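Engineer: Listed below are the residues making up each chain.
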Amino acid sequence: MKKTNKILIISTCKEKLHELEFIKPIEDILKKQKTNFTAKHYKELSLKDINKAKKIIICGTSLQDNEFIEDINQFQWIKNSDKPILGICAGMQIIGLIFNENNRKEKINTKTEIGFYTEKFRKNFLNIEGEKEVYHLHNNSIDFSKSNEFEVFASSENVSQAVKHKSKNIFGILFHPEVRNKELIINFVNQNN
Amino acid sequence: MKLALLFSGGKDSTFAGYLAKKYNHEISCLITIASKNKESYMFHTPSINQTKNQAKAMNIPIILLETKGEKEEELKDLEKAIKQAIKKYKIQGVITGAVESVYQSLRIQKICNKLKIECFNPLWQKNQIELLEDLIKNKFGIIITGVAAYPLNEKWLGRKIDKKFIKEIKELNKKYKINPAGEGGEFETLVLNCPLFKNKLNILNKKISGEKNTWNSEVNLK
Numbered sequence: 006m007k008k009t010n011k012i013l014i015i016s017t018c019k020e021k022l023h024e025l026e027f028i029k030p031i032e033d034i035l036k037k038q039k040t041n042f043t044a045k046h047y048k049e050l051s052l053k054d055i056n057k058a059k060k061i062i063i064c065g066t067s068l069q070d071n072e073f074i075e076d077i078n079q080f081q082w083i084k085n086s087d088k089p090i091l092g093i094c095a096g097m098q099i100i101g102l103i104f105n106e107n108n109r110k111e112k113i114n115t116k117t118e119i120g121f122y123t124e125k126f127r128k129n130f131l132n133i134e135g136e137k138e139v140y141h142l143h144n145n146s147i148d149f150s151k152s153n154e155f156e157v158f159a160s161s162e163n164v165s166q167a168v169k170h171k172s173k174n175i176f177g178i179l180f181h182p183e184v185r186n187k188e189l190i191i192n193f194v195n196q197n198n
Numbered sequence: 021m022k023l024a025l026l027f028s029g030g031k032d033s034t035f036a037g038y039l040a041k042k043y044n045h046e047i048s049c050l051i052t053i054a055s056k057n058k059e060s061y062m063f064h065t066p067s068i069n070q071t072k073n074q075a076k077a078m079n080i081p082i083i084l085l086e087t088k089g090e091k092e093e094e095l096k097d098l099e100k101a102i103k104q105a106i107k108k109y110k111i112q113g114v115i116t117g118a119v120e121s122v123y124q125s126l127r128i129q130k131i132c133n134k135l136k137i138e139c140f141n142p143l144w145q146k147n148q149i150e151l152l153e154d155l156i157k158n159k160f161g162i163i164i165t166g167v168a169a170y171p172l173n174e175k176w177l178g179r180k181i182d183k184k185f186i187k188e189i190k191e192l193n194k195k196y197k198i199n200p201a202g203e204g205g206e207f208e209t210l211v212l213n214c215p216l217f218k219n220k221l222n223i224l225n226k227k228i229s230g231e232k233n234t235w236n237s238e239v240n241l242k
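Residue numbers (the numbering used here), protein chains in the order written: chain A, 6 to 198; chain B, 21 to 242.
Okay, chain B solo, but in the shape it has when bound (with noise of 0.2 Å):
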């Protein structure tokens, strides 16, 4: 089935859609959604624009549409951008990277439901720390790009997710109950190898912002 795969260039959307290739999917194109409003609930916004990067290194065309990101005025720009797929790419369907956020998840149901096309959800419900241990059973290179809660900070920009990381997001979720996927915004994630790209992307410069638990980094890949 030719699919669009609603693409953030975070770990959950990139590995939906390495899913639905292994599934024996087509991704024909890839549609991001670039928020101008940091606080989104629908769109991931650290770093955004280098899906554009990301695209060319899965060698796949990429729809980016940028939103102000106004509560439910994003969501007709997020269907504006599935009908130019179903236009240029005939696609039949959608891929999400959808895990527990039923806000975002029910959304996409609801547009795909009236375009009459799929919407796949292969994260869905799936447990946090066996989706992150897939991650690295599957090659992905992933850094943080951005951190939302307590005790996170600055210093966990840049870092990668490994066995490590997972060990010390285990006792965080323990002791502070973050989220081990960051599904609850406590960080941002960034892909910069996995097995959908023809070659791996580095950071060219980064810039830094934020303050006490709140910190993001704004990339650019080459």
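Bound conformation, chain A alone (with noise of 0.2 Å):
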């Protein structure tokens, strides 16, 4: 039976190149759930675009771009928004950024990881339990362990793996999900809200 899921994709590559890499995989995941989707950069973004999507995927971007920092402005609609929300690598920063408004630029760490590594999660992370190999590709992380809005479901050397906004479906993940673990984006999508 098709779904009728509008989910909207928020590239945030500065490169058109890039999203081949980062935004293909993703609508490649949900074309094969039959899912309804569109994709836009959040420069091209309307509060109309946000206003008609069911839920919100907003992808990560190459190891050398972050323009997606100077434009942090541009994301403040997700403060107020009352949407599920899926914040991958970049889309985590992003996340992370908006939530704390104060000393904005100082809260993003630098921690370069590239490639496998096994994360642990502590708890059920949209049907992710126990250990999981995930793709890492970042050299910026936010740290939300001092967070109040936010629970953290898996981190390693102090870094925040996965999270949670506590009273809303706003998730943060700092892997890849489209490289291997594609099962992910999936519960996201066919999470009941």
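Please note that the accuracy of each hint is not assured.
[To be verified] Cross-link-like lysine-lysine pairs, in silico, DSSO-like; alpha carbons within 27 Å at most:
1) B/Lys194 to A/Lys37
2) A/Lys187 to B/Lys190
3) A/Lys29 to B/Lys136
4) B/Lys157 to A/Lys21
5) A/Lys37 to B/Lys183
6) A/Lys84 to A/Lys45
7) A/Lys39 to A/Lys29
8) A/Lys29 to B/Lys41
9) A/Lys187 to A/Lys128
10) B/Lys42 to A/Lys36
11) B/Lys194 to A/Lys39
12) A/Lys173 to A/Lys59
13) B/Lys41 to A/Lys21
14) A/Lys36 to B/Lys183
15) A/Lys21 to B/Lys22
16) A/Lys36 to B/Lys197
17) B/Lys159 to A/Lys21
18) A/Lys37 to B/Lys184
19) A/Lys21 to B/Lys108
20) A/Lys45 to B/Lys42
21) A/Lys21 to B/Lys136
22) A/Lys19 to B/Lys103
23) B/Lys130 to B/Lys110
24) A/Lys116 to B/Lys134
25) A/Lys36 to B/Lys194
26) B/Lys76 to B/Lys110
27) A/Lys39 to B/Lys197
28) A/Lys48 to B/Lys42
29) B/Lys218 to B/Lys22
30) A/Lys29 to A/Lys19
31) B/Lys190 to A/Lys39
32) A/Lys19 to B/Lys107
33) B/Lys184 to A/Lys36
34) B/Lys157 to A/Lys36
35) B/Lys190 to A/Lys37
36) B/Lys130 to A/Lys187
37) A/Lys48 to B/Lys22
These are computed hints drawn from the structure, not numbers from a lab. All values reported here derive from a predicted model rather than from experimental measurement.
Starting from the two chains in their separate frames, assemble the complex, guided by the hints.
Structural biologist: See below:
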């Protein structure tokens, strides 16, 4: 049966060519699930796009691309949104920055992780629990450990790897589930809220 | 952006370069690492020296570096070649044809990150059948130059990637789990023509070697 979920995929890529690497794999997962979606770059996003979406996925970008941090004010809508949101890598950093109003840029930690790492999920996170091998591709991270609004579900070496807002369906993951953990995206899309 | 294409002469790196150009980037140079180790995990080996002829057909300069192909040593050679490209051609990033291979991809990502340049992987996680169909749609002339999996044999050498090939490889995928894009090294390819080439290349001569289900065709192009 065809699902009618309308997913808004938000690109954070400065270079369009990077969208083939960070957006298309997510689109392909949703296509395979027969889930409706639209993809837009954050600079082209309107309030109408956000209101039309049932759920939102904010994707990652390349290691050298930090333009989204300079443009962080364009993501203020997240704070007042009641939509389920999944932030992947850059998307997780954006969520962290938006919910930490003070000392914004100082909240970014330098932490390079490239390749497969085993992360331990303390409890069920989008139907994932226990140890899981995940693919990392990042130079930065945000520390959610002292956050009053977010719960940390997985962390390693003081780096928050998977978080969820305590009262909203806002999820953040530092790793890239489109590489060998596609079920996490499917679980987010199919989750009843 | 001025980019270097990590170029093996095969279908994936050539198509990745084609996409970079389509997205208005400049391919300032090609980088080929010719490995003496035929079992190299990092670099494609059959007919690797033909990349010089392919570079001529594209009218793009090439940096061709030889490596012994010893596991992590070959990465130092790749880094050396990328540094040369930064110095000589002022590149700001590289393009790779990585599809599924995390082994190759993360090593290149680490080198680019260390050198603070962009790393583009436009075929990353792409469906393999979709990739083959895109090659045909975009008029890529590709032949098979190596096979290394049952039930592939010497009869596959020289075959073109066309609709018939896709149909057969889909069946082999179902029956024997052959990766349709040859990602597991099941087959190797060589591009004779594509929209990046000013002229089509022809096979001047070839030397075939192998046994059972492992065959290579060393090709000379003109």
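Engineer: Does each hint fit the structure? Answer for all of them.
Structural biologist: Right, here's what the structure says about each hint:
1. B/Lys194 to A/Lys37: Holds, because 18 Å separates the two Cα atoms, which is no more than 27 Å.
2. A/Lys187 to B/Lys190: holds, 23 Å
3. A/Lys29 to B/Lys136: holds, 25 Å
4. B/Lys157 to A/Lys21: holds, 22 Å
5. A/Lys37 to B/Lys183: Answer holds: A/Lys37 to B/Lys183 is near 23 Å, not above 27 Å.
6. A/Lys84 to A/Lys45: Cα-Cα ~19 Å, so holds.
7. A/Lys39 to A/Lys29: Holds - the C-alpha atoms of A/Lys29 and A/Lys39 are around 15 Å apart, at most 27 Å.
8. A/Lys29 to B/Lys41: Holds. A/Lys29 to B/Lys41 sits at ~18 Å (cutoff 27 Å).
9. A/Lys187 to A/Lys128: Holds, because 19 Å separates the two Cα atoms, which is no more than 27 Å.
10. B/Lys42 to A/Lys36: holds, 24 Å
11. B/Lys194 to A/Lys39: holds, 23 Å
12. A/Lys173 to A/Lys59: holds, 14 Å
13. B/Lys41 to A/Lys21: This hinted pair holds, its Cα atoms lying about 12 Å apart.
14. A/Lys36 to B/Lys183: holds, 24 Å
15. A/Lys21 to B/Lys22: Answer holds: A/Lys21 to B/Lys22 is near 15 Å, not above 27 Å.
16. A/Lys36 to B/Lys197: Distance of about 23 Å is within 27 Å: holds.
17. B/Lys159 to A/Lys21: Given pair B/Lys159, A/Lys21 holds - Cα atoms ~23 Å apart, limit 27 Å.
18. A/Lys37 to B/Lys184: Satisfied, since the Cα-Cα distance of roughly 25 Å is no more than 27 Å.
19. A/Lys21 to B/Lys108: With Cα atoms ~26 Å apart, A/Lys21 and B/Lys108 stay inside 27 Å; holds.
20. A/Lys45 to B/Lys42: holds, 20 Å
21. A/Lys21 to B/Lys136: holds, 19 Å
22. A/Lys19 to B/Lys103: Holds, at roughly 24 Å.
23. B/Lys130 to B/Lys110: Distance ~19 Å between B/Lys130 and B/Lys110 Cα, so the pair holds.
24. A/Lys116 to B/Lys134: Satisfied, since the Cα-Cα distance of roughly 13 Å is no more than 27 Å.
25. A/Lys36 to B/Lys194: holds, 22 Å
26. B/Lys76 to B/Lys110: Cα-Cα ~20 Å, so holds.
27. A/Lys39 to B/Lys197: holds, 25 Å
28. A/Lys48 to B/Lys42: Within the cut-off at roughly 22 Å; holds.
29. B/Lys218 to B/Lys22: It holds: about 20 Å lies between the C-alpha atoms, which stays within 27 Å.
30. A/Lys29 to A/Lys19: Distance ~15 Å between A/Lys29 and A/Lys19 Cα, so the pair holds.
31. B/Lys190 to A/Lys39: holds, 22 Å
32. A/Lys19 to B/Lys107: OK: A/Lys19 and B/Lys107 at ~24 Å, within 27 Å.
33. B/Lys184 to A/Lys36: Satisfied, since the Cα-Cα distance of roughly 26 Å is no more than 27 Å.
34. B/Lys157 to A/Lys36: With Cα atoms ~21 Å apart, B/Lys157 and A/Lys36 stay inside 27 Å; holds.
35. B/Lys190 to A/Lys37: holds, 18 Å
36. B/Lys130 to A/Lys187: holds, 24 Å
37. A/Lys48 to B/Lys22: Status holds; Cα separation ~24 Å.
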